[in-house]
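Using the sequences and the accompanying hints, generate a full structural model.
There are 2 protein chains.
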Amino acid sequence: MEGDPTLRLRVFNLNCWAIRYLSKQRQERIRLIGDVLRQEGFDLVLLQEVWSEQDYSNLKAKLGGCYPFSYYFRSGVIGSGLCVFSRFPILDTLLYQYSLNGYPYMLQHGDWFCGKSVGLVVIKISGIVFNVYVTHLHAEYCREKDGYLPHRLVQAWELAQFIRHTSKAADVVLLGGDLNMHPEDVGIRLLRGWTGLRDAFAEATRFEGCEDGCTLIPNNCFTVKSELLPFPLGIRIDYILYKAVSSFTVKCEEMKTTTGTAPGTDIPFSDHEAVMATLHIRREGQAAGANLGTAEPTLVDVVTEARTEVGVGLGAARRQRYSTGRMAVLALLLLLLQAAAALGTLAGLAAGQPFPKLSFSLLAFLAIGVLLLATGLHLFHTIEVKMLQGTEEQMRMALRALQEHL
Amino acid sequence: MEGDPTLRLRVFNLNCWAIRYLSKQRQERIRLIGDVLRQEGFDLVLLQEVWSEQDYSNLKAKLGGCYPFSYYFRSGVIGSGLCVFSRFPILDTLLYQYSLNGYPYMLQHGDWFCGKSVGLVVIKISGIVFNVYVTHLHAEYCREKDGYLPHRLVQAWELAQFIRHTSKAADVVLLGGDLNMHPEDVGIRLLRGWTGLRDAFAEATRFEGCEDGCTLIPNNCFTVKSELLPFPLGIRIDYILYKAVSSFTVKCEEMKTTTGTAPGTDIPFSDHEAVMATLHIRREGQAAGANLGTAEPTLVDVVTEARTEVGVGLGAARRQRYSTGRMAVLALLLLLLQAAAALGTLAGLAAGQPFPKLSFSLLAFLAIGVLLLATGLHLFHTIEVKMLQGTEEQMRMALRALQEHL
Numbered sequence: 001m002e003g004d005p006t007l008r009l010r011v012f013n014l015n016c017w018a019i020r021y022l023s024k025q026r027q028e029r030i031r032l033i034g035d036v037l038r039q040e041g042f043d044l045v046l047l048q049e050v051w052s053e054q055d056y057s058n059l060k061a062k063l064g065g066c067y068p069f070s071y072y073f074r075s076g077v078i079g080s081g082l083c084v085f086s087r088f089p090i091l092d093t094l095l096y097q098y099s100l101n102g103y104p105y106m107l108q109h110g111d112w113f114c115g116k117s118v119g120l121v122v123i124k125i126s127g128i129v130f131n132v133y134v135t136h137l138h139a140e141y142c143r144e145k146d147g148y149l150p151h152r153l154v155q156a157w158e159l160a161q162f163i164r165h166t167s168k169a170a171d172v173v174l175l176g177g178d179l180n181m182h183p184e185d186v187g188i189r190l191l192r193g194w195t196g197l198r199d200a201f202a203e204a205t206r207f208e209g210c211e212d213g214c215t216l217i218p219n220n221c222f223t224v225k226s227e228l229l230p231f232p233l234g235i236r237i238d239y240i241l242y243k244a245v246s247s248f249t250v251k252c253e254e255m256k257t258t259t260g261t262a263p264g265t266d267i268p269f270s271d272h273e274a275v276m277a278t279l280h281i282r283r284e285g286q287a288a289g290a291n292l293g294t295a296e297p298t299l300v301d302v303v304t305e306a307r308t309e310v311g312v313g314l315g316a317a318r319r320q321r322y323s324t325g326r327m328a329v330l331a332l333l334l335l336l337l338q339a340a341a342a343l344g345t346l347a348g349l350a351a352g353q354p355f356p357k358l359s360f361s362l363l364a365f366l367a368i369g370v371l372l373l374a375t376g377l378h379l380f381h382t383i384e385v386k387m388l389q390g391t392e393e394q395m396r397m398a399l400r401a402l403q404e405h406l
Numbered sequence: 407m408e409g410d411p412t413l414r415l416r417v418f419n420l421n422c423w424a425i426r427y428l429s430k431q432r433q434e435r436i437r438l439i440g441d442v443l444r445q446e447g448f449d450l451v452l453l454q455e456v457w458s459e460q461d462y463s464n465l466k467a468k469l470g471g472c473y474p475f476s477y478y479f480r481s482g483v484i485g486s487g488l489c490v491f492s493r494f495p496i497l498d499t500l501l502y503q504y505s506l507n508g509y510p511y512m513l514q515h516g517d518w519f520c521g522k523s524v525g526l527v528v529i530k531i532s533g534i535v536f537n538v539y540v541t542h543l544h545a546e547y548c549r550e551k552d553g554y555l556p557h558r559l560v561q562a563w564e565l566a567q568f569i570r571h572t573s574k575a576a577d578v579v580l581l582g583g584d585l586n587m588h589p590e591d592v593g594i595r596l597l598r599g600w601t602g603l604r605d606a607f608a609e610a611t612r613f614e615g616c617e618d619g620c621t622l623i624p625n626n627c628f629t630v631k632s633e634l635l636p637f638p639l640g641i642r643i644d645y646i647l648y649k650a651v652s653s654f655t656v657k658c659e660e661m662k663t664t665t666g667t668a669p670g671t672d673i674p675f676s677d678h679e680a681v682m683a684t685l686h687i688r689r690e691g692q693a694a695g696a697n698l699g700t701a702e703p704t705l706v707d708v709v710t711e712a713r714t715e716v717g718v719g720l721g722a723a724r725r726q727r728y729s730t731g732r733m734a735v736l737a738l739l740l741l742l743l744q745a746a747a748a749l750g751t752l753a754g755l756a757a758g759q760p761f762p763k764l765s766f767s768l769l770a771f772l773a774i775g776v777l778l779l780a781t782g783l784h785l786f787h788t789i790e791v792k793m794l795q796g797t798e799e800q801m802r803m804a805l806r807a808l809q810e811h812l
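Line by line, the protein sequences give chains A and B.
Everything in the first sequence is counted per my numbering, starting at 1 for the first residue and increasing by one.
Everything in the second sequence is counted per my numbering, starting at 407 for the first residue and increasing by one.
One or more of the hints may lead you astray.
[As the list claims (entries may be wrong)] Short, incomplete list of chain B residues facing chain A, as computed with Cβ under 7 Å:
1. 483
2. 571
3. 796
Source of the hints: derived by calculation from the structure; they are not laboratory data.
Owing to the predicted nature of the structure, the values given are computational and were not obtained by experimental measurement.
A virtual CB, placed ideally from N, CA and C, is assigned to each residue, including glycine.
What follows is the structure in structure tokens.
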């Protein structure tokens, strides 16, 4: 940096789709990803959905020569799936687990079990402090009726708040990940507006790859074609975002995506396309990205829109809390009734055996099962209500601050 | 600050012991706390165990005149119990929920249900940015055989990491809370060493209150005397810690605790004593507390000791994960066996009805119950293992960095 005033940084981001026993050709693809990363020699590699620690260890062993520094973020039952490989020493790390992340009983979706999080690694290159964030937000399973939108918005808000609070001493902020949001979705406008992060794809001087920068495309043999029917070109949900915090400027010189297959082969890295950015970082008198990215009047609209959606989620969570609570109370009443009947029989109040023993016991077991399940769900939805309320309150405070500023 | 080079800040900290239906004379005490806070006019009030949002609202209504700004941190089933009242505007907030916090099945302890967290509020007074943290760590139920020590150490480590990462742009850092650790416990040495925070009690020029600054004393009519038998003076587990980050110095001019009753009454505020500090903040050329507080060779020992304890917890968590997993497998085998027997009977392989129907069904229900319970516990202990591993790994990295530095 002292000699050359510009630092060039090559960043690679990929959702690896490496779920043990479920993802197709997983080991072959992990090998392929390792090979290409070794050949290409990026500066920073941000990976998601590396859910097997063995896969991470294999990559680490293979990449030790060119990426001597790495970190795997552990969380949830399965793991966060997040890891970072770096050519430069990792000075510090921090993990923030999102407070809401779907429902444990939605086993077919499974997001809850991953403990979705944002991982931070701090890296210093030529005296410039980089705060590098890697994350993966809750998936969108049905765009028309997206029941997870409030949770994803809470995650986007917490991500933005976490970045704002932890990056104050950084010179440059980088965020890579599968955000599971289209570029114009409210969550990504919120994230960009509230942090001032800029989208490498939109800012790139040169671009090479899928049309519109899409990262989930029909051309990839692993994508579910029916899900992409409304989007003939595919969708863009994987991002590299950046900003300069102090007296630096960051420019995206080149942006690339893979286009359905890994370079030089006929199988893809993953069901997602990889995103690769070449960034130029230059020391300046005044930071360009130091302020909020979106003009504040627009930001007020974005936060208001997000807050409305969180409010909708809050209403739904309250209804769930109520109905599970009612179910628990009903099961408890049934049990008490049965206990009274049994006691009555024992005390000889009723003549003989009024119910068949088997159905009586089965009913009691059923009631106990329903009671436990409904209580568990009631507790879960109570937490959900609390966290949605908390986010709504924070957004309200943010809006007030923005409006006072205007 | 421009006219007077010294800013004087009066901070109040109290674990309010305000558990609905369980804490004695709760409403009376909350009223009393409100009265005294209004009379005394502190600058900052940090409260823990305000578990009823109604109590918070009552305090807020009462204190609106002298503390116009406040924030209540929501988390967990019951809530974090944390709140802040301030004479100065709260500019921003962030909540970090600890990744480990006891066990949901330890109903008699209940810590798990509170979603123990650290809350951050950012306040600016006379141009000085204060990062104010309020927290409450997992309780210690048995000092001789403290099964929660690894969880409390993970919390202390996460607290330290959260403070380090979020306070880089602050001028002054303040932490108040019930840390559930004695002054010489490894967790508090870790927290102080790794953040550079200083103990207001130890640094105070003047002190007035319970001997040794104790905050859980036999003289308080709400404390459990038998628990305090080994400590005739009581124990000190509630703290105000502080440091200057940039070109400021902080000095604790005066420190006070209540001594078993609230001032001018015969009942205590809570089962804990309140802690009150008067801090002097002065702009200097060089920050005094900017570096790590403990000399680095000592810090290496502290981190090593903490890591060993986390390792012990990791071993225990792995054993629990194994035994709950084995239990789930056994329950599944029993169910399969029963299914085979039932199918055999249906197919006419066995002559007549080999088992009494009732006991057969009860056994099946029992097996299903054990299977579900053991699976749930297995998942829980899997998360516990992941988080303990993650903390151990982070401590290992910290040790390496410290040793390289030496």
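Consistency of the hints with the structure:
no.	hint	result
1	483	holds, 5 Å
2	571	holds, 5 Å
3	796	holds, 4 Å
In summary, this structure violates none of the numbered hints.
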